[in-house]
Amino acid sequence: MDWGEPNKLEFAARLAAALGFVALASLDRVTATVLGINGPAVRRHLPSVRGKRSALSLFEFLGALIHEEVGPALSQNPGAPAAALGAYGATTHQPGAVLLFSDLLDNGWQPALNRLAGRGFEVSVLHILSLDELKPELEGDFRLIDSETEQSVELTANFDTLRRYKDVLADWQASWRTFCIARNMHYLSIDTSQTLEKLLFSDLPQQGVLR
Amino acid sequence: MSFLAPTAFFLAGLLPVILVMYLLKLRRSERTVSSTYLWQQMVQDVQANAPWQRLRYNLLLLLQLLFLVFMILALARPFTQAQGISSQTVVFIIDTSASMTASDVSPTRLEAAKDQAHRLVESLHDNARVTLIDAGQETRLLIASSNDHLQVHQAIDELQPGAAGSDLEVALQLAAAITARQPDAETILLSDGNVTLPDRLAIHGKLTYLPIGLSGENQAISLLNLQPGLEGGLTAFATVINFSEQAEPRRIAFYADDELAAAFDLQLPPGSEQSVLAPDLPGSAQKVEARLLPAGPAVDYLAADDRALATYQPGEPVSVTLASPGNLFLETALSLFPGLPVTQVNPGGVESLPAAGFTILDGITPITSSLPAGNLLFIGPLRSTEYFTVTGTLASPVPRAASEDHPLLRYVNLEGINILDSARIPLPAWAQPVIVASDPSDPTGEIPLLFTGQVDGRRVAVLAFDIRHSDLPLQVAFPVLFSNLVDWLAPGRSGVPASLQPGAPLTLLLPPSAETEQITITRPDGTTDHPEIHNAQLIYTRTDQLGLYRLNLSDEQAYTFAVNLFAPGESQISPTQTLNISGVPLTTQAAGQGAPREWWRALALIALGVLTAEWLVYHRPTLSRLYRQISAGLDPATKKHGYR
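Line by line, the protein sequences give chains R and H.
Numbering-wise (this note's numbering), the first sequence opens with residue 2 and increments by one.
Numbering-wise (this note's numbering), the second sequence opens with residue 417 and increments by one.
Because the hints were derived from the structure by calculation, they are not lab data.
Once the Cα atoms are required to be at most 25 Å apart in a straight line, the calculated SDA-like pairs of lysine to any residue come out as:
#, chain 1, residue 1, chain 2, residue 2
1, R, Lys167, H, Leu1042
2, R, Lys167, H, Pro1037
3, R, Lys167, H, Tyr1043
4, R, Lys136, H, Ala1048
The following residues of chain H were derived to be distant from chain R, with all beta-carbon distances above 10 Å:
#, residue
5, Phe425
6, Leu427
7, Ala853
8, Ala1048
Some chain H residues close to chain R (C-beta under 7 Å, calculated; not the full set):
#, residue
9, Val449
10, Thr452
11, Trp455
12, Gln457
13, Met458
14, Pro1037
The C-beta atom is built at its ideal place from N, Cα and C for all residues, glycine as well.
Just chain R, with the same shape it has in the complex (with noise of 0.2 Å):
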């Protein structure tokens, strides 16, 4: 998640800070938690937090993922966040809202997001995606890296292959979406380009994510 310009991680926090104050502020409990970070240096869970005076703490907590370096915090393990998400939907007892902030570049969150849906949760899922993955600028062979699993893929970009990912990548949001309404989950596909302001007054409403 930390990648991109505007920078997804950045994005999501900023969003997620957002739709925080928006909560507290209408005295609901809220809490936050960072999924596939194993490291000390970034907390992983803010408890439960109440009232627009706590809006603060949320800031702090958030904002510490922005400042703070959490690079080689981040999990090596492809399946770790959704697994996370897993554990967290399996300790909390009051079922509530959940707004799930991630580009969901990994396996695993189906499983993961069905269970939450089964407890009982309101499930947001906010799917946030850079430029360069919606629309990537690749030219000639390549061999691609990737950024948290260092895995790689050989392949020489040109227009069919440019084509053809923007294919993949349509076929995935909309399976995506098929399989959220399927589960009365709300589903909202953002690129970090996108401004605050249309999000919060105009594609969050819109999408029944905020009422």
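Could you slot chain H onto chain R? The hints should help.
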């Protein structure tokens, strides 16, 4: 199809090299991306681990292989055998004489010859050196040994038919000189065969004659003459010849100053000649034109000889002095010429002869004084003069023509003329022989009996024998010959002939008063020429157009003369299928096994096209981005919202 350089196919070994280089292309640049999750899904079916699949959609590779294939094919120089000429040095001689305008081959013989020449040039080897000779009234070397075939095609297109005959002697000698040192040479002669040929020719390589033309059907006006008739009118005399093999009905019409004045229907038997006399034409006519018109289903393929022009200008009378001891034949003959005032002088007056239009010195020559001014006719001179030397006498000479078709011997039959004796006069340098006799004692083997020429600005004719010592005056030839001589010596219209053959030069002695700068000649097409003038003699050679010419000597003095195709050789248009030139084996077939036609240019061009396509494909993303940027820049709507 075969190949000139099949070794080039070894280059096909480069094809697998390109393939291997593609397979081994390991220079992949590394790029870190956020996640390979989607990329992996995408490349699952094209996963690079299967090398052949990697090549599957590679347009660039395909284009590169294609380029190499076409280059190899081009380098191997494929060729196909074509009908044509295989020689490396080819000389085309194209006959552009008047008979080549005959329309028995559509559109004309010359066009057909040009087409054939075009086809032959196309079939030539690319490096073959081509020479093009235009054999018309004069021989012109248009292209000299060039391998720029485009230029040859252009020169062929620009060939124009002439109005006169064609002498192939110069053209063939030129061809012989060009092909002399070439190992593999061929001379191609495109003609209808109605040409003058050399008697003997030594030509290197092959000489091919391609006859052009199918039919000889033609009728021609071969003569048109105007004479003053009775009561101030004019009488036209025309001769029509039918060259066809069947009888043809024709009509001959005479136009006086473009007004129809007389017309006659003729029934012309095959190969016949018919004379027509049209009396009582208006005497005021500046020009008389005779036209051969159709009068039934006649076939006439040559139009140039169906029309003739003549002019009549009475001109100023020419005075004649006859210095003679008394010669009834001469006196009678001279009296028959209208408008020729004759002054007779006895031998006693020979030392003080007056200047005259021309002077006849019959058996006497002045001893002490010089010869009188004007043209001169010597008959049987007894002693030498400043123009010739008498070296003795010749007994019983047998006269014969020095050359065929000499204008002075027109309609003159020399057979059966007996001469008792003649003065022996070696031919002077200024003179041309007209009638000669054999003389074993002379180094040249012959001695002239009649010679003519121009010397010191005057015309001089010398008849070496005394006509009273021969039976010539009793022959039909005498009045004709004498009339021709008088016409030549006393040109009625200041020396301007009534009619000239196309291409024949007009020569004229100018009066001393003539202003040479003012002299112009207006051609039938209306253009004006300034003729050459040397030593008061005018020489004009551009008589290549048929029609009426106007010679302006000064503002008051102008003469007209006509150029007519009175040439039986050209009117006789039936094509000759074989030509006989001794010493030359002549073929009449275009070469069978032709030059190989090479295809490498086309292949190289395709290879270039493939290379361009490869370049475009290689830069396709850049080009399409550029295109999008340009179209976005042009579209104001996109501009407003910004471009993503």
